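There are 8 protein chains.
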Amino acid sequence: MADHEITLDFQRAGRIGFEEAIFSQGKTVEQLNEILNRARAHGAALLLTRLSPLQLEGLAAEYRGLIDYEPVSRTAFYGPLRPEAPSRIAIVAAGTSDAFVFREIARTARYYGHGSTQFIDVGVAGIWRLLEKVELIKQHPVVIVVAGMDAALPTVVGGLVGSVVIGVPTSNGYGVAAGGQPALNAILSSCAPGVTVLNIDNGYGAACAAIRVLHAIDRSSGAAR
Amino acid sequence: MADHEITLDFQRAGRIGFEEAIFSQGKTVEQLNEILNRARAHGAALLLTRLSPLQLEGLAAEYRGLIDYEPVSRTAFYGPLRPEAPSRIAIVAAGTSDAFVFREIARTARYYGHGSTQFIDVGVAGIWRLLEKVELIKQHPVVIVVAGMDAALPTVVGGLVGSVVIGVPTSNGYGVAAGGQPALNAILSSCAPGVTVLNIDNGYGAACAAIRVLHAIDRSSGAAR
Amino acid sequence: MADHEITLDFQRAGRIGFEEAIFSQGKTVEQLNEILNRARAHGAALLLTRLSPLQLEGLAAEYRGLIDYEPVSRTAFYGPLRPEAPSRIAIVAAGTSDAFVFREIARTARYYGHGSTQFIDVGVAGIWRLLEKVELIKQHPVVIVVAGMDAALPTVVGGLVGSVVIGVPTSNGYGVAAGGQPALNAILSSCAPGVTVLNIDNGYGAACAAIRVLHAIDRSSGAAR
Amino acid sequence: MADHEITLDFQRAGRIGFEEAIFSQGKTVEQLNEILNRARAHGAALLLTRLSPLQLEGLAAEYRGLIDYEPVSRTAFYGPLRPEAPSRIAIVAAGTSDAFVFREIARTARYYGHGSTQFIDVGVAGIWRLLEKVELIKQHPVVIVVAGMDAALPTVVGGLVGSVVIGVPTSNGYGVAAGGQPALNAILSSCAPGVTVLNIDNGYGAACAAIRVLHAIDRSSGAAR
Amino acid sequence: MADHEITLDFQRAGRIGFEEAIFSQGKTVEQLNEILNRARAHGAALLLTRLSPLQLEGLAAEYRGLIDYEPVSRTAFYGPLRPEAPSRIAIVAAGTSDAFVFREIARTARYYGHGSTQFIDVGVAGIWRLLEKVELIKQHPVVIVVAGMDAALPTVVGGLVGSVVIGVPTSNGYGVAAGGQPALNAILSSCAPGVTVLNIDNGYGAACAAIRVLHAIDRSSGAAR
Amino acid sequence: MADHEITLDFQRAGRIGFEEAIFSQGKTVEQLNEILNRARAHGAALLLTRLSPLQLEGLAAEYRGLIDYEPVSRTAFYGPLRPEAPSRIAIVAAGTSDAFVFREIARTARYYGHGSTQFIDVGVAGIWRLLEKVELIKQHPVVIVVAGMDAALPTVVGGLVGSVVIGVPTSNGYGVAAGGQPALNAILSSCAPGVTVLNIDNGYGAACAAIRVLHAIDRSSGAAR
Amino acid sequence: MADHEITLDFQRAGRIGFEEAIFSQGKTVEQLNEILNRARAHGAALLLTRLSPLQLEGLAAEYRGLIDYEPVSRTAFYGPLRPEAPSRIAIVAAGTSDAFVFREIARTARYYGHGSTQFIDVGVAGIWRLLEKVELIKQHPVVIVVAGMDAALPTVVGGLVGSVVIGVPTSNGYGVAAGGQPALNAILSSCAPGVTVLNIDNGYGAACAAIRVLHAIDRSSGAAR
Amino acid sequence: MADHEITLDFQRAGRIGFEEAIFSQGKTVEQLNEILNRARAHGAALLLTRLSPLQLEGLAAEYRGLIDYEPVSRTAFYGPLRPEAPSRIAIVAAGTSDAFVFREIARTARYYGHGSTQFIDVGVAGIWRLLEKVELIKQHPVVIVVAGMDAALPTVVGGLVGSVVIGVPTSNGYGVAAGGQPALNAILSSCAPGVTVLNIDNGYGAACAAIRVLHAIDRSSGAAR
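Protein chains in written order, with the numbering used here: chain A, 1 to 225; chain B, 226 to 450; chain C, 451 to 675; chain D, 676 to 900; chain E, 901 to 1125; chain F, 1126 to 1350; chain G, 1351 to 1575; chain H, 1576 to 1800.
Check before you lean on any hint, since a few could be wrong.
[What the hints assert, rightly or not] From the derived model, a few chain B residues whose C-beta atoms are all more than 12 Å from chain C: (1) I231; (2) F243; (3) E259; (4) A285; (5) D293; (6) E295; (7) V297; (8) G392.
[Unchecked claim] Derived DSS-like pairs: lysine-lysine, alpha-carbon spacing no greater than 27 Å straight-line: (9) K1038/E x K1263/F; (10) K583/C x K808/D; (11) K1263/F x K1033/E.
No wet-lab data here; the hints were simulated from the structure. Predicted, not measured: the structure shown is a model, and the values here were computed from it. For each residue, glycine too, the CB sits at the ideal point set by N, CA and C.
Hey, can you work out the whole structure from these sequences and the hints?
Here it is as structure tokens:
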């Protein structure tokens, strides 16, 4: 039944510079297997995001064995990875609890061939933790700041570094913070100029946004040479 | 018509330590004049909050002349002020635009006899502004932090000082920040432990909360002596 | 993997007077074990909040045996407790169903060395229950009022006692009250002056706010002596 | 143009016991004049609610002269009033500022021939004001409680009197209370059993609900005789 | 531990005419058993609402045997029931799926000694179902209308009958209707005059509101005789 | 400055069967004049929606004279109108106050050459008004139902007629109904099958949706002949 | 107990052209069995929507054997199907993950005797997928567009085809998109004229809306012949 | 009074590469004049955003004469402008009505020395308008997409170009779209990978985000050379 329900966009890399990833949430196991069939037929590798352990179990055994799965971020790599370029992305996270997001960022970047460097558990309630790492963070052209609850971190970072600063709100919290809406709104309202935002928990998108910046740098450097 | 519509709580100071103030928003001019009649009859002074210029104009001339009005905070003092005690309240505000709130705090404290010290325009997008004043701020047993937009300031302050920290979100903003809900939610979700909150723009309440703390200190010191 | 994901703030007590607690929600078992490793290495005790039974089970056996766990509040003490000071905190709760919050307050206060006294199930639908206890409640410099649903209790208490009054809305309810937003908004809108609020279900924060007040009292009494 | 846009429900009193009133908000002046033409043609009196001063001015002079208008409640009576029956409705209001609602209740009841008794400015932040009037309030079979902000009053009243208790939230407030949603939600979540609610500021509806109860009493008494 | 956490309001019937019921949601099994201990000690019967099957199982065997439990409404009667008076309450429900609410109404009324008559599955998408029952419905002094989704039924009923009309929105639905907020808002916005509302799914409260009306009728008839 | 800010879609009629209309809200007067310049240059007529009286005044005199403006619906016709086809659209509206919407529907239909028939002020609180017109309404292949507040009318109509039924919620209301969200949600949750919805107050869109249906009928009939 | 709780509307097809379907969500198993009893007694077939696997299992064995169940859409056909007419409905879906909705549309259409054609996984992030199918889509008088997340697809389709365009937002998503509210609001705000909307995930309603259009076409063609 | 209320951050350019701008909304005229005094004293130029015509009028005459004000975007330049670098920023806007935002972007970029190129009124309801400009748009390393209502444009652009894509939702709309929340949520939920977002109407921030990217390119090219 799933066959006519799938139309992969294999032309995406040609248009925008990186391949389509598979958003697994809500897909049936038959659909996921059919997607893997098509990838194999095209000789393509795949990144699957938001793949639940239950979905993983349902994949055909031949595919399951070829998949590198990380359960906290629920990301899966199918097929061989390309080499990893040196880190130009800093991932700064307010809390340890946000691992499901910052690992998704790092894994997405890695899938597309980019290294990254993590600065974790540096929330502003103990601001010394951030201040002593600012010089290291600054050396990256792109800084992704992951923060839940009150999400004060992106504003502080955005006021201290001149790099591209991308905020990712996270959903971990309770009371008014449950689901991450306050974190999202706090970053959207940031008093630091030019901090951009992605959807709550969208580590995948943040990595893609960072890669768009790196591509812009690379195209420009290439032109300059 | 307004006569039976008013029941002042002249017993409040006896119960909780400070007198009722008049929340003017939504009251008719007749009602406000009747309230002033009653205060005069009791020989009482009055603090009126959220008194619009239009309402002020509508007051009986005999009262208008006795009123000290500050238009940005829309606060009015009727009757003689008690003496001002030395400042034990720090008012820390992220932005100049929040004057309508931080002036209400200072004026309310003043009405009830308490001095205060202001540290304004020290938002965390330029965090040096706050850091160079932390030692001064710390010397106050109560610190009221006023912040709109992303309201990152209360968390940073709450992580740096051990005083009682009270956050007041403000409504000045636009887009998702219009009305102050994100600022409120950010303070409620603060990662700094024990930061309490009041309603958006509630400078009056913040001053009262501070005074409750000062009363607790004074009662305790008195008992200790 | 969890190793670089943790940066404990062991300097917090020096800055603000009490140590960092561990917010367990969303943390993996590996991360929690690594945190306990670090605490042991520093010879530190720990308070863990929002620790689920499942997380508890996942802790290393050596730690699990040293933990005092209360399942309704989901709080855990690791390591020896300091002595308990006489109660200066009244915990007033509208309903029996709010035990998951009022027990978190009492346990947090206890962890930091403070006793507390509970007045439970005194909601205003039967207001005699509160009125007959007002004199006892008044004797505490800090009163924490826990209330869900319509949260009318903090206003009534705030109008009857001059102590510091801190409201904690709770999430237990249904229909519009599910999640606790109406309780939160009711306390934020309280007609009693100077009642402050914490996030929904934030018993931990309420205890910390109370301790900030007690510290202010103690510092001031010390200075006065 | 307005002619075919109006279909008055002159049969309503026959069906449910009281006549249609005209909700004026959003109607053009031509439409209102046409409605008055029809009422005159039927020899009917009319109650107009939410009639703005600007709309009033736009009415034909012949009608304007026959109208009794109260500007705070924005209610208008057209035509002769029926006699007033003794009061069986208590109107209890937390604040003076809610006059635009409690006057609408009293005026609507009056239009339909029912007296009412007002107990105003008896909010629970000074609970003695309510307690000293409970015995008087109890004597009314229907008690309408008007309250904005945290709307704690309906719960306290509902726990003290056995009459029919109808809550009306009001929109006067600021911050989270602006617009009256917290007041509405607080009454909906009331811990006092059997307190019903109407839309924010719906004084007209509250009076109608009270009249339905009085009709039920009267029909039943009639049957009993 | 649960002992000091319970303060039953055994005086409620004296004040308002019916006894306190136990809202079971969120209570621990120990707390429920302690409540039953107290009821037994006072020789009181009890109504427990929102009692989950899991909570029921946890009750002491001695109590479980004396309980009449209905699982769809999750209501439990403990102790002997008083006799049932003839039905003066019509329960009109739009859909079969709302059984969890309309059965709670009927059971609550029954617990307090009142009969009721049900008119179920008469939603307005097939309006003949309602129209052919209007004459029967009208004979009841109180009509409770239960409706979810678009909740059009209370307005239609309110325009057809002169009885007291009480609306109860229900949470059963999906998309925007999930949770019942649109049903609640629709009834609050009803164009039929004097329709009152309770919280979403609050069948217990609706029955209590109906009983308040019946008491008002009875008190009045008594006076008339 | 406005010149490069406008790119009219003169190819729209070729693609979808009717021409682009100009949504005037938020446009400057210079922009509107430039749009009219372009229309004149193409010999095109124009429909302008949401044109405020202030914007109308700002138009160049040469254009203002050629415009047919209706102020309640804020619609303007520029240029000659095409002939009017017989009515196949019924516009059914719950209230007189919704004229700003139902006139926009009728005027939009008229601009595109379609007649329509209005059935106004037939809300379900007096359901006889609707029932006596059902046979007339049914004769139209498309029925647009305009309703604010509780928006019960579309469900009742959708259960009585087999035509295409399109609901338009309106923003006129107060309290929870202000802005029209409950009306929108009520129609979205309609228990009558196959009732579709447009944005609040979107009379223009409703007329366009009706025209799409009429085109489908006409294309099909053409094919059938 | 369920017997008086069911009032089927067997007259619906006579009024509006298609039979009532059973919305199973929230119904007890007894109620569903009773509904099937009644259908059998009338010799009627039935469509059951939102029937969970657990409910299916609970049906009487005699019914379960006669039911054609599709688990992703949770739809069930009871009784013999009528013949399928040629497809005049295009179902266009942005994503594979929306199968639970687009299959409900196709199955509902099929139940009522209408074929349909699917164009799946043609979201606008790879717009070539849609553009290459526009000519095929256009040949259908009704186009149902299913889209979650940002729901950009209905606007693009609505700007490219002149058919009746009906949007169905879906709930599959995360962060702000969880639950489908942004998709709903995006379609309601569509810049393409005359795109109508149904409730989130309401595939059943979309099929019914399409059938109303097809009936209008058929009645009109019939009249033309 | 305003003197101590201002603490300008003249060190910002040193930290992050561009100077502080003045957010004028909510500032009093005295505060704005004092800010200009300080700028003059430092010999600094200033960008003022969200400066209302009323505020402009209130500035000291000496300043007003030196200000270049654009009323639609409400932006003001004080002091001499630096030279304009060639355009590397594409500003793509769905509608003419969004001029208040896209002009703020262009003016902010210009103030900081960056040219930009505008592609306006290219919404996806007439997608040919965008498709014929894609090649031009692609040549810019940064593309800012401005869109209100359903905000479908950023997704389509993000799927067609590999540049950095930054979305800015706008508040112009009505019904559910009023205020811009659906546009914001649509961009946050974008199916095109790596599209980032700013607050509703935040043209200033979008320009700053673009400049951060250009700085990253320039720093990198500099390093490469």
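Now the hints, each set against the structure:
1. I231: Answer for I231/B: holds, closest chain C Cβ roughly 15 Å.
2. F243: violated (7 Å)
3. E259: The claim holds: E259/B sits with its nearest Cβ about 20 Å from chain C, beyond 12 Å.
4. A285: holds (27 Å)
5. D293: Check passes; 20 Å lies beyond 12 Å.
6. E295: holds (19 Å)
7. V297: Label holds. Min Cβ-Cβ 21 Å, cutoff 12 Å.
8. G392: violated (9 Å)
9. K1038/E x K1263/F: violated (31 Å)
10. K583/C x K808/D: Holds, at roughly 22 Å.
11. K1263/F x K1033/E: holds (25 Å)
Of the numbered hints given earlier, the model fails hints 2, 8, 9; all others are met.
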